[in-house]
Amino acid sequence: MTDILFEHAKLLDPEGSVTTGALGVTDGRISAVITDDSPRPEATEVIDCNRKHLAPGIVDIGVKVCEPGERHKESFGSAGLAAAAGGVTTMVTRPDTDPAIDNPETLEFVIRRAREAAPVNVLPMAALTKGRQGREMTEIGFLLDAGAVAFTDCDRVVTDSKVFARALSYARSLGALVLGHPQDPGLSAGAAATSGKFASLRGLPAVSPMAERMGLDRDIAMVEMTGARYHADQITAARALPPLERAKANGFDITAGTSIHHLTLNALDVADYRTFFKIKPPLRDEEDRIAIAEAVQSGLIDIISSMHTPQDEESKRLPFEAAASGAVALETLLPAAMRLFHANLIDLPTLWRAMSLNPAKRLGLDCGRMCVGAPADLVLFDPHTPFVMDRATLHSKSRNTPFDGARMQGKVLQTFVAGRSVYKKD
Amino acid sequence: MTFTHRHLLGIEHLRPEEIVTLLDLAEEYVALNRAPDKHKDALAGLTQINMFFENSTRTQASFELAGKRLGADVMNMAMQASSISKGETLIDTAMTLNAMHPDLLVVRHPHSGAVDLLAQKVNCAVLNAGDGRHEHPTQALLDALTIRRAKGRLHRLSIAICGDIAHSRVARSNIILLGKMENRIRLIGPPTLMPSGISEFGVEIYDDMAEGLKDVDVVMMLRLQKERMDGGFIPSEREYYHRFGLDADKLSHAKPDAIVMHPGPMNRGVEIDGTLADDINRSVIQEQVEMGVAVRMAAMDLLARNLAAVRGAA
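Chain order of the listed sequences is R and D.
Under the numbering used here, think of the first position of the first sequence as 710, with each following residue one higher.
Under the numbering used here, think of the first position of the second sequence as 197, with each following residue one higher.
Hints are computed from structural coordinates only; laboratory data are not their basis.
Being a predicted model, the structure only gives us computed values, none of them experimental.
Some hints could be false.
Label pairs and their in silico Cβ distance ranges [what the hints assert, rightly or not]: (1) D:474 - R:871: 54 to 64 Å; (2) D:443 - R:954: 52 to 62 Å; (3) D:319 - R:1101: 43 to 53 Å; (4) D:319 - R:955: 38 to 48 Å; (5) R:1101 - D:485: 29 to 39 Å.
Short, incomplete list of chain D residues facing chain R, as computed with Cβ under 10 Å [claimed, not checked]: (6) 214; (7) 305; (8) 313.
Each computed SDA-like pair below joins lysine to any residue, with the alpha-carbon atoms no more than 20 Å apart [claimed, not checked]: (9) R:1025 - R:1108; (10) R:1025 - D:290; (11) R:906 - D:388; (12) R:906 - D:290; (13) R:1025 - D:318; (14) D:422 - R:754; (15) D:317 - R:1022.
Just so you know, even glycine gets a beta-carbon here, dropped at the ideal spot from N, CA and C.
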């Protein structure tokens, strides 16, 4: 007997297209996908989707939950609620906490806290080097055993190439995925904006987007040298795309991500020093934004992340240079992505490949698919509902969103994890 | 009166006629400052607080004198010494000061945009006395007044700004102001001291002094901002002086009546030859200091009038 039957849904298949039909869920997994008039299985509960979109839940690589260390900014409870409300069914969390998640004990604490408090799946990443200092690799083997799904020092580049090469080789021997932050640390030191007329007018310390390409070039060479499995966390500059394309054509085990903010905002949005728009790497020019969106559509960039980074009011209410970087985005990821759909830059199946299927594949997960046997991690949403974003409505403890007051389209109606409803819009 | 702003945060938001209004009023104060009785009560009863988060002798003294000559109660706060070191945020400091009911707040801060941020949190008029590398509006206005008095006009002049453009808020404010008044602007300096995207500013760029200074009416030298540099922008001060320091020989490429300006404090023998700086036939550096007081009197007078209008309406 089927547990739930979603009827009259627009089924969004990341590997296919959008078709109207029904979807059955049994024991937390998808048990039927029906796109014609064939008879429906008998079900305990029937949900009439009212011709709204039903898609695999979002798999978000690079979420910062501030446990341990800064629970006042974000806890697994608050991040979990935000994720559920945003249609994110799997959070892949970052290790750039304080202290860093760089040993099995801290990782076990994180996994336990996530299980207790978060209504969605949480898969933690661990640091690549101890204390994210770039000097000694972490216990990659033990951390893998304890449940780490990938290794990264987040926005700190491992500058010592020897250390990085050894960590990549060692990770490769264990089949572990390493996330790099492609950025030349010398050029980008102290930068708060992307170099150009706007940064110069505002008098902000700036970095050329070339720093990203230089970082990527180095990392690609290291991957060629070590054969490691590598994912570039954020590609945000058009200049970084040709080397990425060549590396992929050469058959290296490389994937690339980008952030939703770099896809939907540009450098001018900073306007009069609005610190909620200060992110890392800094927002780019409009030409870069378009080029990156096109690269997502073509599949060159594989993954879109929220790069959810909670910061409290105190760390943002400072002069731009001194203010902390980062923005919360778990709840705004889907409506922001709808901007790309409505602007005809990226179609819905491609968006869901980038936000759900590709991250799942890269991490070896079986979610992100609309097929029988896949976990029933689902999001029911309407891509057209207009609304004005009010940051007071966010579930995150920190509400540093650049979309406050913005007109957006697209609302999550209900979110399911393993067939269980974890969020329902009132 | 065509000057409608609540604050003076930068030149960027001023219209040309507002600049002219301010300069015209400043002319009146030049006359007042040269008279034996240098007092007027335009700011009588008002409280002016000078908050300097960065060292300053000249600008702070100029603002203090301007306020006192117009009858304001002036208080100076050296901010590095007090709350900053105790970890108080800029906003907290602003709120604390705001509770003391100041009318004019003069602020200098090492971070670009800090004065804008502060202005959003207080209900008095705020004057930017320099924020990071962003703007230094009263310096550009006093430079404009100096040029207008020396050249008889503030338009269709060829003006060279030389040296450390990248780290200079004075350069930014001057480029904006002189551009608004329809002058031809040349920037001269090594590429390492040019800000990014500078070619989109509507200026001509040179890395050779002789070429850049050819036939200009005004030569503005900038101070090499050693304190804002994290190393390696120029090979050495002596090479810099050789290539970009202003001396009589390089100045000979400019028009014979070209004036020499410098916002001070000068590094003699680094960006400018000491003898040339003191040459009263070419250098207007002392006049710039004099104009500074008058321009700041005018700016505070105009803002105080607007403040009175706003408060009267409330």
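Taking the hints in turn, this is what the structure says about them:
{"no.": "1", "hint": "D:474 - R:871: 54 to 64 Å", "in the structure": "57 Å, holds"}
{"no.": "2", "hint": "D:443 - R:954: 52 to 62 Å", "in the structure": "53 Å, holds"}
{"no.": "3", "hint": "D:319 - R:1101: 43 to 53 Å", "in the structure": "25 Å, violated"}
{"no.": "4", "hint": "D:319 - R:955: 38 to 48 Å", "in the structure": "58 Å, violated"}
{"no.": "5", "hint": "R:1101 - D:485: 29 to 39 Å", "in the structure": "51 Å, violated"}
{"no.": "6", "hint": "214", "in the structure": "19 Å, violated"}
{"no.": "7", "hint": "305", "in the structure": "7 Å, holds"}
{"no.": "8", "hint": "313", "in the structure": "6 Å, holds"}
{"no.": "9", "hint": "R:1025 - R:1108", "in the structure": "11 Å, holds"}
{"no.": "10", "hint": "R:1025 - D:290", "in the structure": "16 Å, holds"}
{"no.": "11", "hint": "R:906 - D:388", "in the structure": "16 Å, holds"}
{"no.": "12", "hint": "R:906 - D:290", "in the structure": "30 Å, violated"}
{"no.": "13", "hint": "R:1025 - D:318", "in the structure": "18 Å, holds"}
{"no.": "14", "hint": "D:422 - R:754", "in the structure": "72 Å, violated"}
{"no.": "15", "hint": "D:317 - R:1022", "in the structure": "15 Å, holds"}
In summary, the numbered hints that this structure violates are 3, 4, 5, 6, 12, 14.
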